[in-house]
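Trainee: Line by line, the protein sequences give chains A and B. In terms of the working numbering, the first sequence opens at residue 1 and continues consecutively. In terms of the working numbering, the second sequence opens at residue 1 and continues consecutively.
Hints in this document: simulated from the structure, not taken from any laboratory. Honestly, I wouldn't trust all of these hints.
Same chains, same names: a pair is fine if it fits in one copy or spans any two.
[What the hints assert, rightly or not] When the alpha-carbon atoms are kept at most 27 angstroms apart in a straight line, the in silico BS3-like pairs for lysine-lysine are as follows: (1) 371 <-> 394; (2) 284 <-> 357; (3) 390 <-> 371; (4) 319 <-> 198; (5) 240 <-> 394; (6) 313 <-> 240; (7) 240 <-> 390; (8) 472 <-> 494.
Protein chains: 2
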Amino acid sequence: MTPLKETIKRKPWLGWVMFGLTMLVVFMLGLLVNSVMERRTEALFINKAMTDVKPFESKNEVWGENYPREFQTYYQTADTTFSSQYGGGKMRDMLADDPRMVVLWAGYAFAKDYTQGRGHYYAIEDIHNTLRTGSPKGPQDGPQPSSCWVCKSPDVPRMMDKLGVDEFYKKTWASLGSEIVNPIGCADCHDSKTMNLKITRPALIEAFKEQGKDITKATHNEMRSLVCAQCHVEYYFDKKSVEGAARVKFPWKNGFTVEDMEKYYDGIEFTDFVHKLSKTPILKAQHPDYELHMMGVHGQRGVSCADCHMPYKSEGGQKFTDHKIQSPLNNVANSCQVCHREEEKTLIANVNERQQKVHDIRIELEDQLVKAHLEAKIAWDKGATDVQMKNVLKLIRQAQWRWDFSAASHGASFHAPLETARMITNGMNKVAEARIELSKILVSLGQTGPIQYADISTKEKAQQLIGLDMAKERADKEVFKKTVVPQWLEQAKKKELLFSTGNSK
Amino acid sequence: MTPLKETIKRKPWLGWVMFGLTMLVVFMLGLLVNSVMERRTEALFINKAMTDVKPFESKNEVWGENYPREFQTYYQTADTTFSSQYGGGKMRDMLADDPRMVVLWAGYAFAKDYTQGRGHYYAIEDIHNTLRTGSPKGPQDGPQPSSCWVCKSPDVPRMMDKLGVDEFYKKTWASLGSEIVNPIGCADCHDSKTMNLKITRPALIEAFKEQGKDITKATHNEMRSLVCAQCHVEYYFDKKSVEGAARVKFPWKNGFTVEDMEKYYDGIEFTDFVHKLSKTPILKAQHPDYELHMMGVHGQRGVSCADCHMPYKSEGGQKFTDHKIQSPLNNVANSCQVCHREEEKTLIANVNERQQKVHDIRIELEDQLVKAHLEAKIAWDKGATDVQMKNVLKLIRQAQWRWDFSAASHGASFHAPLETARMITNGMNKVAEARIELSKILVSLGQTGPIQYADISTKEKAQQLIGLDMAKERADKEVFKKTVVPQWLEQAKKKELLFSTGNSK
Numbered sequence: 001m002t003p004l005k006e007t008i009k010r011k012p013w014l015g016w017v018m019f020g021l022t023m024l025v026v027f028m029l030g031l032l033v034n035s036v037m038e039r040r041t042e043a044l045f046i047n048k049a050m051t052d053v054k055p056f057e058s059k060n061e062v063w064g065e066n067y068p069r070e071f072q073t074y075y076q077t078a079d080t081t082f083s084s085q086y087g088g089g090k091m092r093d094m095l096a097d098d099p100r101m102v103v104l105w106a107g108y109a110f111a112k113d114y115t116q117g118r119g120h121y122y123a124i125e126d127i128h129n130t131l132r133t134g135s136p137k138g139p140q141d142g143p144q145p146s147s148c149w150v151c152k153s154p155d156v157p158r159m160m161d162k163l164g165v166d167e168f169y170k171k172t173w174a175s176l177g178s179e180i181v182n183p184i185g186c187a188d189c190h191d192s193k194t195m196n197l198k199i200t201r202p203a204l205i206e207a208f209k210e211q212g213k214d215i216t217k218a219t220h221n222e223m224r225s226l227v228c229a230q231c232h233v234e235y236y237f238d239k240k241s242v243e244g245a246a247r248v249k250f251p252w253k254n255g256f257t258v259e260d261m262e263k264y265y266d267g268i269e270f271t272d273f274v275h276k277l278s279k280t281p282i283l284k285a286q287h288p289d290y291e292l293h294m295m296g297v298h299g300q301r302g303v304s305c306a307d308c309h310m311p312y313k314s315e316g317g318q319k320f321t322d323h324k325i326q327s328p329l330n331n332v333a334n335s336c337q338v339c340h341r342e343e344e345k346t347l348i349a350n351v352n353e354r355q356q357k358v359h360d361i362r363i364e365l366e367d368q369l370v371k372a373h374l375e376a377k378i379a380w381d382k383g384a385t386d387v388q389m390k391n392v393l394k395l396i397r398q399a400q401w402r403w404d405f406s407a408a409s410h411g412a413s414f415h416a417p418l419e420t421a422r423m424i425t426n427g428m429n430k431v432a433e434a435r436i437e438l439s440k441i442l443v444s445l446g447q448t449g450p451i452q453y454a455d456i457s458t459k460e461k462a463q464q465l466i467g468l469d470m471a472k473e474r475a476d477k478e479v480f481k482k483t484v485v486p487q488w489l490e491q492a493k494k495k496e497l498l499f500s501t502g503n504s505k
Numbered sequence: 001m002t003p004l005k006e007t008i009k010r011k012p013w014l015g016w017v018m019f020g021l022t023m024l025v026v027f028m029l030g031l032l033v034n035s036v037m038e039r040r041t042e043a044l045f046i047n048k049a050m051t052d053v054k055p056f057e058s059k060n061e062v063w064g065e066n067y068p069r070e071f072q073t074y075y076q077t078a079d080t081t082f083s084s085q086y087g088g089g090k091m092r093d094m095l096a097d098d099p100r101m102v103v104l105w106a107g108y109a110f111a112k113d114y115t116q117g118r119g120h121y122y123a124i125e126d127i128h129n130t131l132r133t134g135s136p137k138g139p140q141d142g143p144q145p146s147s148c149w150v151c152k153s154p155d156v157p158r159m160m161d162k163l164g165v166d167e168f169y170k171k172t173w174a175s176l177g178s179e180i181v182n183p184i185g186c187a188d189c190h191d192s193k194t195m196n197l198k199i200t201r202p203a204l205i206e207a208f209k210e211q212g213k214d215i216t217k218a219t220h221n222e223m224r225s226l227v228c229a230q231c232h233v234e235y236y237f238d239k240k241s242v243e244g245a246a247r248v249k250f251p252w253k254n255g256f257t258v259e260d261m262e263k264y265y266d267g268i269e270f271t272d273f274v275h276k277l278s279k280t281p282i283l284k285a286q287h288p289d290y291e292l293h294m295m296g297v298h299g300q301r302g303v304s305c306a307d308c309h310m311p312y313k314s315e316g317g318q319k320f321t322d323h324k325i326q327s328p329l330n331n332v333a334n335s336c337q338v339c340h341r342e343e344e345k346t347l348i349a350n351v352n353e354r355q356q357k358v359h360d361i362r363i364e365l366e367d368q369l370v371k372a373h374l375e376a377k378i379a380w381d382k383g384a385t386d387v388q389m390k391n392v393l394k395l396i397r398q399a400q401w402r403w404d405f406s407a408a409s410h411g412a413s414f415h416a417p418l419e420t421a422r423m424i425t426n427g428m429n430k431v432a433e434a435r436i437e438l439s440k441i442l443v444s445l446g447q448t449g450p451i452q453y454a455d456i457s458t459k460e461k462a463q464q465l466i467g468l469d470m471a472k473e474r475a476d477k478e479v480f481k482k483t484v485v486p487q488w489l490e491q492a493k494k495k496e497l498l499f500s501t502g503n504s505k
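Here chain A stands alone, though its shape is the one from the complex (with noise of 0.2 angstroms):
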């Protein structure tokens, strides 16, 4: 007989009390799973869709009639009151801060205007207002093409499919400014029948294609990121493909990395723009964010964007995607603190650890680019000649080129920081590479004493420098959204593209 056994036939009651025990724990147990049902059956009556939303319908308010919450979380990118250090709202002036890239984008729109992004909620608004897409009066007017319009609203997929796909893109920006109206929203990234996620946009798909995958093979976890990269990556404007369309591509065919991307624009001889101080070919980065969190820690513990950027939420019993798609500094507790077990304070100051160094280092690579610009104009003026800088224009567009790898892309400094600073020790190289070379052309050209740079100490001195009419483009463009803006917002309510109480259904 065990030792337990017989204590109980000394002290029955013992036995008893275990017993009790057990079927306490049974009661709790049913008390439990009665609570879940109960929540069950609610989010069975909250989650039934009350309206019948139609493919390619580009009004996000019709969408947030079956899905409040996931609508009202969205609706929250509208919140500018988040500090602008954590990429919140306010739209604070890059140049301004940095007037060294007013330099480095000589001859691009970028050195007009660059201001930190707001959330999805204001890009038509964002995009009426930039300098760079300039001030159109009329529909067929400048500067800018429809591919323009592409990562900005759920009205894109609508019109691609209406115009087809390379019709779209042979459009003017200005031509589809009463059609593209609604701020990115629902049908961006969702199916109106399955509320699945779902690619809208031909480049990424193309994108899988040339590297020999299928998109639609993507499990839900990698859509979870991919419904983003359909914008936030490295794009250019593909002109040679169908005549007379800027199609919107992803340069991926040999891989992710800045030397890959390289390599492919090198391939095609493609160049952004001619740097208009030093005449470089030059390769304007856009935001290679998918492609940078790829490559970090996070992107290859198998990480999501939505994981970090809109985590799950829990409101009234009902747990739903945050769609307040913002900084996780904002929401560390449910993005960081999922996975990781330090506070809130250790985790932000870890993040700005990481975003300090490679901002150090990135002012510093941008110092020496600016140099090698201005010297190599000197060099031009004094008459160099082409064969003479052929090998300083290369250096300076792969040292650019890595520059702006790593500052274009948003957060490049956290989700990859290794990779980032790797870049731009790399840029580093080629620049110097650069200077040493002009600093032995100018010496050949008479260029002997220290060279005088030119002040570009704000904004508006470097602007100047580069020969930048501003005041021009600002009255311009406050004609533009005086005039043509409201035209075009009007055209959109008579065609019931804007929603109102009357035209949800």
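Place chain B on chain A using the hints.
Mentor: Relative to chain A, chain B alone:
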């Protein structure tokens, strides 16, 4: 009546089944407690000290009689079978792998001989063999001071106690050859009475004092790194504080970053050697392993050196610290996987990726630095003046310090990859400025054509370039190994400094 109670009333056998299950669980618990108690008894028996270990006992074998598991694993540092890629035992010739280093260290003993370290077990043998310690014939011969012994043996604290610290530091390396004979071991890190971790080297205690900290207040977890930090740090030989002594000192007063230490060295106008080609006053980095570890995420999270390099191990129910100090990549299951849930091959790939990226940019910096030294040599040869060269040499000094700090630290590219990359970029920036100035100086001295850089594709060619007579160095060393070393060991045996079964107590 609850549903459960009712069920039991209807089916009374159900109550007995539950009761039986409960008893079974309690019985198993009893068995478990019994087993735990037995193991504790076994442990008490095992941990009983058999031998009385004297203070400053330098023979590791004597300690090993009391702590056979720790000793046997320590003894496994003799193992050289592991791949040298992971810091294992095979002595890779670093200069043959990368002859640039020969040029960078021209004028310093490292240009003669620099092999990858082996286990602690080989500390004495390897310091006898390296060409860096030269071939002294008598006790007063150079080239090295006694400070070179400091990190090699538990005979060092014994001799410091016997002679006094300052007197120890006044000796030559050769004069202590018959005293310092046991390789790095027990008495370097442990107290002989309590077996507590103990700081035995004065430099670390003094460095803490200089920072206003008291090392006796360190926690046990901190001590699991600090005993390593007695040696695995940046240090220099302070020849100013005590007349005739070369005291080992840490440049920690301003902090741990490469800039902090540079400020310290500049402040005391310190130079390790003057570069033979470029005449640059060079700072040679030792191995700032601890400092860089503390700046990386593992250090920031409180992971100690021992956690990964000496993880806990179980044998026969006994848990103990594995004293086979080695790369965690040889022992992923007990090191990385205690915290990280990824597969071994994934974790190893992650480490290799960091190391490869840092390695690649480090080599780029080396290429620039080698060119800078060679170009400076040409400038001197062509008659450059001190005034012309002053700023160039300052920049080369700064760039090489950043390179060496990142290269000399074992595992920096894993311990703190971003900090390491930041230093390298910063070094690249400095050397670029140096070379741009140099190119102007060279043109002004008539060097207008392209520069023909010397061939340094092999270690031999590089050593020839910097004027080393390696055949003589090696022949002298052979004589030293055949005549002097055997005498040292013979004398040590007579003094009973080396273990034999006769002198263990």
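Trainee: Determine for every hint whether it applies to the structure shown.
Mentor: Against the structure, the hints come out as follows:
no.: 1; hint: 371 <-> 394; verdict: both (16 angstroms within a copy, 21 angstroms between copies)
no.: 2; hint: 284 <-> 357; verdict: both (23 angstroms within a copy, 24 angstroms between copies)
no.: 3; hint: 390 <-> 371; verdict: both (17 angstroms within a copy, 22 angstroms between copies)
no.: 4; hint: 319 <-> 198; verdict: within (21 angstroms within a copy, 54 angstroms between copies)
no.: 5; hint: 240 <-> 394; verdict: within (23 angstroms within a copy, 51 angstroms between copies)
no.: 6; hint: 313 <-> 240; verdict: neither (46 angstroms within a copy, 64 angstroms between copies)
no.: 7; hint: 240 <-> 390; verdict: within (26 angstroms within a copy, 54 angstroms between copies)
no.: 8; hint: 472 <-> 494; verdict: neither (33 angstroms within a copy, 94 angstroms between copies)
Hint violations for this structure: numbers 6 and 8, all remaining hints satisfied.
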